[in-house]
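A.B. asks: As a plain string of letters, each chain reads:
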Amino acid sequence: MRMAARRRWWCDQLLRHPLAGAAGLLILIWAGLPLVPEASGLHFSVRYRLFLSAFAVAGGLFFALLRLERVPAPRSGWGVLGSVAAVYLAAVGLLVVVGSVYPQYGLPRAGSAVETDSPAGRGKALFWDPSVGCFQCHTFGGAGGQRGPDLSRVAAVAGTRQPGVSAQEYILGHIGGGSSYFTVPGYPPIMPPFGQRLSPEQQEALLAFLLAGP
Amino acid sequence: MPVDIPYLGARTAIWIAAQQHLYLAAFVLGAPLFIVICEYLGVRLCDARYERLARETMKVVVLAYSITAAAGAAFTFILVGAYPALTSHLFTRFGPVFWLYAALILVETLLVYAYWYSWEPLARAKAAHLALGVALNVVGTAMMFLMNAVGAYMLTPPAGAAEGDLWALMANPSWSGLNLHRFVANITFGGFIVALFAAFMFLTARDEEDRAFYDWMGFTGNLIGVGTLMLLPLAGYIYAKELFLYDAQIATFMMADKLSGFFVVQGLLVGLIFLGVNYYIWLSMQRIEGGARFLRQMRITFAVMFVALAIWMMPQHFLPDLATQPPAGVPLTALVIPERAAFLGLMMAKALAVTAMILLTFLTYAAYLRAQASGAVRWGEIAPQSQYALIFLPAVVVYTMGLMGAIRELARQDWHVYRQVRDVSPYWYAPTLGYTSAVVGAGTLLFFAFLAFIFWIGFKLERPAAGEEATGQRRKARAAATGFAGAGGDGK
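In order, the protein sequence lines correspond to chains A and B.
With the working numbering, the residue at position 163 of the first sequence is 163, and numbering never jumps.
With the working numbering, the residue at position 152 of the second sequence is 366, and numbering never jumps.
No wet-lab data here; the hints were simulated from the structure.
For every residue, glycine included, the Cβ atom is placed at its ideal position computed from N, Cα and C.
You may find that some hints are simply not true.
[As the list claims (entries may be wrong)] Here are some, though not all, of the chain B residues that point toward chain A, as calculated from beta-carbon distances under 10 angstroms:
(1) Q463
(2) L482
(3) R507
(4) Q511
(5) L523
(6) P534
(7) T538
(8) L549
(9) I551
(10) V610
(11) T646
(12) G648
[What the hints assert, rightly or not] List of simulated lysine to any residue pairs, SDA-like, C-alpha gap at most 20 angstroms:
(13) B:K273 to B:A288
(14) B:K455 to A:P189
(15) B:K674 to A:A85
(16) B:K674 to A:S76
(17) B:K564 to B:I525
(18) B:K564 to A:R147
(19) B:K455 to B:G365
(20) B:K455 to A:I190
(21) B:K564 to A:F44
(22) B:K674 to A:G79
(23) B:K273 to B:G365
(24) B:K674 to A:R16
(25) B:K674 to A:F44
(26) B:K455 to B:G619
(27) B:K674 to A:P103
(28) B:K455 to B:P387
(29) B:K564 to A:A73
(30) B:K564 to B:M468
(31) B:K455 to B:T569
(32) B:K340 to B:A328
(33) B:K564 to A:Q146
(34) B:K455 to B:S390
(35) B:K674 to A:R75
[Claimed, not checked] Calculated from the model, a selection of chain A residues having no Cβ within reach of chain B, i.e. all distances over 10 angstroms:
(36) A5
(37) G144
(38) G177
(39) P185
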């Protein structure tokens with residue numbers, strides 16, 4: 001009973017002083033979270049702490065807004081128009097700033113237009129071509145997606161997947177047949193059969209690129 | 215030879231023109247859906263407020279109609295001039311659709327003006343007037359479906375599309391999803407614009423009766439917007455699922471690669487809409503006698519909403535796309551979500567977060583209805599800052615529409631028609647989130663500049679003629695007779 005009363009008192013205090021509550025959260029984020037050991041798997045980096053801090057501040061301001069008394073309305077039509085314009089400029093400005101401070105990619109990405117003379121070079125261009133999209137699911141040399149297996153070491157492991165099947169045969173079979181050819185345990189069977197999309201020369205180029213490694 | 219547009223570039227120019235056309239078209243197509251319903255409710259419930267809401271909103275629609283057409287013409291001119299190969303491809307495949315669309319524009323125009331100008335003459339033949347309104351909505355919705363077919367085809371052209379079966383081209387994999395999403399979203403958008411109009415009129419109203427009416431109108435518009443808003447995430451999931459089934463690479467490009475940051479901002483936008491809606495209800499609750507008893511529970515609602523929003527926005531990593539590597543000297547762990555919190559970056563957690571927001575908003579409205587059932591609503595006595603919530607919401611809604619539209623277009627990557635017509639213009643690449651935000655922000659402000667112009671000339675500059683003034687007096691007398699007594703009245 002006493003615990004419940006104390007908890008209620010704390011809740012009331014927080015609601016009465018939302019900015020102080022936000023400050024408390026900021027202290028927790030910046031003084032408490034860094035103490036969490038990395039080995040725990042819950043160590044939030046500076047960027048995530050900044051992200052959480054933005055919510056603490058926004059939450060404090062929002063709860064302070066709830067405590068706002070009745071504000072007077074503008075008296076003239078121009079006053080109304082000006083206040084409406086201010087709301088729009090502030091809201092849109094905030095959204096544009098959020099979009100602009102978020103990490104931006106470089107422009108433009110090298111696409112299928114990147115061609116080189118070597119098969120591995122052509123394979124590299126295909127791998128990173130958005131219209132082929134290998135990189136969207138596979139990591140290679142530290143970049144790329146995680147829905148499929150990391151292909152950085154595929155040259156070393158491909159020959160061990162199926163008894164009697166060489167690395168070349170395995171990789172080509174996988175590119176051509178997709179998940180219907182073979183599914184690596186632990187990954188969903190989502191790989192499309194690229195044999196329908198890529199010419200045999202393109203598949204060979206990809207093979208050369210993957211065997212060459214990062 | 216395609217022409218480029220000086221200063222802006224062809225892509226940004228067509229982007230702005232298309233978005234202005236879509237914003238205005240969404241309003242002139244979405245608003246009549248509930249205008250007719252409100253007119254019907256006015257007759258059915260003998261409540262003059264519904265009739266007035268319908269009529270004043272329709273006046274905005276009529277004024278917005280010609281600007282919609284002008285924006286559509288600008289969009290078409292830029293499309294033909296800057297993208298002739300694409301125009302030729304689309305006209306070759308969808309020729310009959312465009313002819314039918316042109317014919318329906320004519321029919322729609324006739325119906326808009328017939329519906330508006332027959333309001334008084336058909337005051338005693340409401341069934342006929344309502345039938346005109348229903349016809350207007352049927353034609354408007356058909357027009358939207360026709361253009362959705364072309365837009366959806368550009369992203370999900372059916373296999374074997376080149377053979378030329380028109381129905382197969384129209385009924386492409388994402389057509390029904392886009393139709394559903396846009397149909398619901400147009401009503402949401404119309405509701406929020408009506409609430410914006412009401413807020414503007416509330417703040418500039420000179421007498422208490424008008425203030426009470428516009429308070430009620432703002433609440434009703436917002437209710438329409440929120441009621442349909444709750445369906446939108448589901449409609450969005452259905453649409454996205456169709457894209458996933460069509461080509462998983464589109465889905466990956468959207469959710470994990472270049473457009474993933476766009477979805478983080480989308481989370482912020484939808485979260486702001488839900489917070490804004492609930493803040494408005496918080497203030498609305500305080501104009502109900504005895505409503506204050508629900509405020510404590512609402513505070514808890516807000517706290518949970520903030521947590522849900524944080525989960526929704528939590529990115530899996532701070533890399534802008536899959537091909538970008540961490541800057542030199544920055545370890546990957548500094549940019550990636552901690553391993554044990556990784557579930558917060560997955561779709562399941564985000565779906566739960568948005569579901570929590572929807573349910574909490576539903577509960578807030580349920581509490582409002584409960585308060586309303588036991589205490590009188592003092593229409594017109596709401597705190598003025600509530601009107602700024604109604605003004606803020608459409609800004610976020612329009613920005614969301616702009617950003618989601620950009621995502622849909624950019625999902626085609628470097629194709630005009632996915633895997634069929636390649637974009638060989640200088641603007642084939644996906645612009646950054648920062649650039650997209652600036653264009654969408656400029657488009658949002660431009661749209662509201664048009665809207666402010668419409669509100670101003672339609673409702674503030676216009677002086678009522680002597681006959682209309684008498685009609686206004688009759689309206690006020692009728693409103694009083696129906697029990698809508700303004701501030702202090704118990705109108706519910």
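A.B. asks: Run every hint past the structure and note whether it holds.
C.D. replies: Each hint, compared with the structure:
no. : hint             : verdict
1   : Q463             : holds, 4 angstroms
2   : L482             : holds, 6 angstroms
3   : R507             : violated, 15 angstroms
4   : Q511             : violated, 12 angstroms
5   : L523             : holds, 7 angstroms
6   : P534             : holds, 4 angstroms
7   : T538             : holds, 6 angstroms
8   : L549             : holds, 7 angstroms
9   : I551             : holds, 7 angstroms
10  : V610             : holds, 6 angstroms
11  : T646             : holds, 4 angstroms
12  : G648             : holds, 4 angstroms
13  : B:K273 to B:A288 : violated, 24 angstroms
14  : B:K455 to A:P189 : holds, 17 angstroms
15  : B:K674 to A:A85  : holds, 17 angstroms
16  : B:K674 to A:S76  : holds, 12 angstroms
17  : B:K564 to B:I525 : holds, 6 angstroms
18  : B:K564 to A:R147 : holds, 18 angstroms
19  : B:K455 to B:G365 : holds, 17 angstroms
20  : B:K455 to A:I190 : holds, 14 angstroms
21  : B:K564 to A:F44  : holds, 19 angstroms
22  : B:K674 to A:G79  : holds, 14 angstroms
23  : B:K273 to B:G365 : violated, 30 angstroms
24  : B:K674 to A:R16  : violated, 42 angstroms
25  : B:K674 to A:F44  : violated, 54 angstroms
26  : B:K455 to B:G619 : holds, 17 angstroms
27  : B:K674 to A:P103 : violated, 45 angstroms
28  : B:K455 to B:P387 : holds, 10 angstroms
29  : B:K564 to A:A73  : violated, 38 angstroms
30  : B:K564 to B:M468 : holds, 16 angstroms
31  : B:K455 to B:T569 : holds, 17 angstroms
32  : B:K340 to B:A328 : holds, 14 angstroms
33  : B:K564 to A:Q146 : holds, 19 angstroms
34  : B:K455 to B:S390 : holds, 12 angstroms
35  : B:K674 to A:R75  : holds, 15 angstroms
36  : A5               : holds, 16 angstroms
37  : G144             : violated, 5 angstroms
38  : G177             : holds, 16 angstroms
39  : P185             : holds, 20 angstroms
The structure fails to meet hints 3, 4, 13, 23, 24, 25, 27, 29, 37 from the earlier list, while all remaining hints are met.
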